Amino acid sequence: MSNITEMSAASLACAIAGGEITSVQSTQAYLDAIEAREGDIQAYNEVLADHALQQAREIDAKIAAGQNPGPLAGVPIAIKDNLCTTYGHTTCASKYLTNFQAPYMSTAVAKLQAAGAVIIGKCNMDEFAMGSSTENSSVKITRNPWDISRVPGGSSGGSAAAVAGDMCAASLGSDTGGSIRQPAAFCGVVGFKPTYGRVSRYGLVAFGSSLDQIGPLTKTVTDAALITGVIAGHDDHDATSLPNPVPDYLADIDKPVENLRIGLPTEFFAGAAGALSPDVKAAIDQAIDTYKNLGAEIVEVSLPHSRIDIDEAGGLSSFAVACYYIVCTAECSSNLARFDGVHYGHRTNDELTDIIELYSRSRAESLGDEVKRRIMLGNYSLSSGYYDAYYNKALKVRRLIAQDFAKAFENCDVILCPTTPTPAFKIGEKTDNPLEMYAADIFTISVNLAGLPGISLPAGFSNDDPKLPIGVQLIGPVLSEENLLRTARMFEKNRIQDSVETKTEHEFHG
Amino acid sequence: MVNTNDIVQPIIGLEIHVELDTETKMFCRCKNNFGDPPNTNVCPVCTSMPGALPVMNGKAVEYSMKVGLALGCNVPSHTKWDRKNYYYPDLPKGYQLSQYDLPLCEHGYLEVPLSDGSAKKIRVLRAHLEEDAGKNIHDNPRHTGVDLNRAGVPLLEIVSEPDLNSVEEVAGYARSMQRLVRWLGVSEANMQMGHMRFEPNINLHITRDGKTYKTPIIEVKNLNSFRSLEGAVAYEITRQYEEWQADPEGFTLAKLGKQNRGFDDATGRTVFQRDKEEAHDYRYFPDPDLPTVEVSDEWRERVRSEIGELPLARRARYMEQYSLNFKDADALTMDAATGDLLDGAVALGADPKICAKFLLGEISAIANEKECTIAETGINAVQLANLANLISTGDINATAAKIVLKNVLNLKVKMQSIRDQIKPLMVPSQKMFKFVNKNKPQLTDAFREILKQTETATQNLGLLPSQIAEAEGLLIVKDTGQLEEWVDAAIANSPEAVEIIRSGGKKTEKSFGFLTGQVMQVSKGAASAKDVQALLREKLAAK
Amino acid sequence: MSKTIDADLVRHIGKLSRIELGDAEVETLGRQIGAVLEYFDKLQQLDTEGVEPMAHAIELTNVLAEDVLKPSLTPDQALANAPARDENFFMVPKVLGESS
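Chains as they are written, first to last, in the working numbering: chain A, 55 to 564; chain B, 3 to 545; chain C, 402 to 501.
Keep in mind that the hints were calculated from the coordinates and are not lab data.
One or more of the hints may lead you astray.
[Stated by the list, open to error] Only pairs whose alpha carbons sit at most 25 angstroms apart, straight line, appear in this in silico PhoX-like list of lysine-lysine:
| no. | chain 1 | residue 1 | chain 2 | residue 2 |
| --- | --- | --- | --- | --- |
| 1 | B | 33 | C | 471 |
| 2 | A | 461 | C | 443 |
| 3 | A | 426 | C | 471 |
| 4 | A | 426 | A | 480 |
| 5 | B | 260 | B | 216 |
| 6 | C | 443 | A | 484 |
| 7 | C | 443 | C | 471 |
| 8 | C | 495 | B | 137 |
[Said to hold, decoys possible] Quick partial rundown of chain B residues pointing at chain C, CB under 10 angstroms, derived from the structure:
| no. | residue |
| --- | --- |
| 9 | 25 |
| 10 | 96 |
| 11 | 375 |
These numbers were taken from a predicted model, which means no experiment stands behind them.
We put the CB at the ideal spot given by N, CA and C, even for glycine.
Construct the complete structure from the given sequences, taking the supplied hints into account.
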């Protein structure tokens, strides 16, 4: 048997359910891996060792008693620190919630547990999921396992680094504008954002409520299908969760999609030629060739309102990014109003008698710069006099962006494009310029605006030293998860390099 | 210092907040209840824990539609939820879920009866659904305590057009609205429990020397009794006129705009209030957590069909069909259940006027005594009809009717309480009966007796007034043999009175009354006084 | 990097946002927010005449819960994270009245 921490979640669950290894063994193996690598990678805000071992013992007892331990029997899974758990803390990597212990369980984590998963820890992230590098965490800087001088991406950077560093079998992240897919691409793992509403958001600390979606970061596409199948479904606690029944994503996962039509958006290819790093461009071309060789038809489609513009200085911009930042900052300005120092969270130690001062100082002391910036931007674009020019305009552009996708999907089944314009950048490289940081999500953002499912797959490496993973993104129509995952699996089976194997040869020191 | 040449027209609009009487809150399934210990009816949603999400209460949506349709509002096919952003400790999310530009109900009216017998139509601009805030408790002098039990209770905000022109109209409109929401069963509208709160907008249009001046619009916040509503409006009308007279060009809407004031119950005055959201910019935007509400024609019509006859229509019908006067018809239509009793009894053939007299007389008195509604006294339409028929046929007199009624209601209450008490005991006591029967036969008889008594008592619940009257000997005795016996005995027992009558002295009438009284007493009220007197005259004349 | 919003406007938004700002922060934020707003202005290039605003990613309707009680938290659970409490109340400095 191979090393436990290198196994996929699906094989690990099989091995545990089949009695080849115990859940305690597997949990201990991961705790040992965390012990060994966390110092370099800093993926976790909190490792729930005692709790995880307790859960593992319960799973082992279940198996010993001949009960069904569930499809994720004993699999150690890490959770982004913006998903509420009744054990440990839920901090969102914010000083505001440093000591917060949720009195209730998020639906997604409750479902993982019910399926037999062992919750091993809470992963670092950009504060309140606002960022693309996990550098906005108030807790620590997480490093990319492929090169620890580089960022893991964000905002689910801890979740991606933990999977890439074999410090958990899989993890959950949340994706508002690319926060699962972008770090997955940077860290060389699979990152899947299902259709908006496919997974209940109950217990996910809201950032942009109409964009947020929970999804898995995994070592394989099959693991992504397995975990999505567990966490998806309608939830009475989330009115935006979709009522549609959840198909068995695993049933046909290995069956290639017939008559597959892959759409390439003009605006992301010819129109954005200068936007991509040469390594990314080569990897994406190779991915297109892989699908061609598998018999897929390649068609050109158009997403005019997601167009990428390049200025003289090489800066990237798009309508979608502008639209996205108006919508998400507006929503977050209101979503984060509850962090006011009254009912839970940080309250200033200064003895204040005025409630407004108490709010303003408590928030000033405990929220990070990017969070403050976004709250203020949101309040600006919602305030009277600016609403129509910014917020309402953005909602209209949002519809145009969604309509572009609907039209494109009349001619193709799946859209293929890069996940990110470049591989992982250096820590500190973009922290001074918010707009440059925003450009890191230029290929992922439209997907959230339109509510579509999107997946990032490892698609090769850069020529950097050490080499860096590159991600390819597949996007499907609303609720096309089954087809999208099968399409992704086709690529995974046939890709030339296996990022998991390559990575394990690599020392985790950049 | 009223300038008699000024024409002063108060222009008043009223916002009424009505808490809906649902089991659970608007966006979570915590109990919607007044008066529970602090922070007991709270959950992650209504304490605004990170990650919690609202899910709307379908019952509250239907209740609101019901009010809207009863007000003749348009209930549009598409409505949505918006966030109203402001900070206050009793608003834990930092925003209130409300409806901004697409309310559930719009453009209706309420007819308000005025003291001169006329009625005025007050237009309703809109009625929208929102969530109530928690409560700030100010008992401690140094800090404020926050109780979130009320946070998230469904609140219907009904906004009138500025069609009200006097204190009387404001009060009449507010009371009519209270009657309507009670009638529809969507709110208890209990003022003490804060189920209804008022915010009047008041200004004056003053015409002097052909020129019209408008005073600033004053919104008086958070009034929670009819008394303070009337007091605040009356005070504002006087205050604004005085302030305007002192500065006719300065104290105007154009110069001062809108202002908020609070009302001090103790002094009866309004006081200037600083705006809580200084910037006064609520940054409304569509709530992303709540899907829109689409009202289909079928849904709207189903809710409409559940409304039934409205109070004013019923009142008019009572005056027309039952020939009741306005006062009685009005009193009988304060809530739906009282009128339902009346209609039920009339349908069973009872005289509406006699029924109305009982409902507003004896039964109301008992209801007041017990601090409950007429319907809650426990009388049903069959009993009411039966009682009214006893009066119509002359089988019972007014005094006896009171006794019978008391018996009917007391028995009912008694039996209901017995029934409630024994209900949880019934199964265990039957089990115990079997056990005792087997092991301690000597106790079986006692048990059997208890069970028998309980059964009898339960059966008596269905007794009709006529049965009670008969059992208690309260029916008027029409048996002349019995009457003669009583009259003869009275004559025999009171020779002095008989002598006075026979001699035709001064005290004849008094003695005659004495004899009648004697007979009535012996008959325990079951004799008809008229019959007794006739018989007495006959007997005394014959001798 | 040209658009900057003036200090008064930054302070006003800071107030709306309930975030206390130092003078240096006001300056930095004015510049940064200005730059992002300039980016936002990009949308003015698009003709959105007659386009229905899209507030939800997936447009569901009438998701209504039944009016049936479910368990609440205990006061201790509800107040466990409170920065200050007075018995079973959340405690704040003195405020006037209630919101509405």
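Here is how each hint holds up against the structure:
Under the criterion of a C-alpha separation no larger than 25 angstroms, the hint pairing residue 33 of chain B with residue 471 of chain C is consistent with the structure, at around 8 angstroms. With a CA separation close to 23 angstroms, the supplied pair residue 461 of chain A and residue 443 of chain C stays within the 25 angstroms bound. Our distance criterion of 25 angstroms between C-alpha atoms is broken by residue 426 of chain A and residue 471 of chain C, whose separation comes to about 36 angstroms. For the hint pairing residue 426 of chain A with residue 480 of chain A, the CA-to-CA distance comes to about 24 angstroms; that is within 25 angstroms, so the pair holds.
Proximity of residue 260 of chain B to residue 216 of chain B is assessed by CA-CA distance (about 12 angstroms); at most 25 angstroms being required, the pair is judged to hold. This hinted pair checks out: residue 443 of chain C and residue 484 of chain A have alpha carbons roughly 22 angstroms apart, not beyond 25 angstroms. As the CA atoms of residue 443 of chain C and residue 471 of chain C are separated by approximately 48 angstroms, the hinted pair breaks the 25 angstroms bound. Note on residue 495 of chain C and residue 137 of chain B: the hinted pairing holds, with a Cα-Cα distance of about 13 angstroms set against a maximum of 25 angstroms.
Hint status for residue 25 of chain B: holds, given a least beta-carbon distance of 5 angstroms to chain C, under 10 angstroms. The beta carbon of residue 96 of chain B comes within 8 angstroms of a beta carbon in chain C, closer than 10 angstroms, and the hint placing it at the interface holds. With a least beta-carbon distance of about 23 angstroms to chain C, the hint placing residue 375 of chain B at the interface is violated under the 10 angstroms criterion.
Violated hints, in rising order: 3, 7, 11; the structure is consistent with all others.
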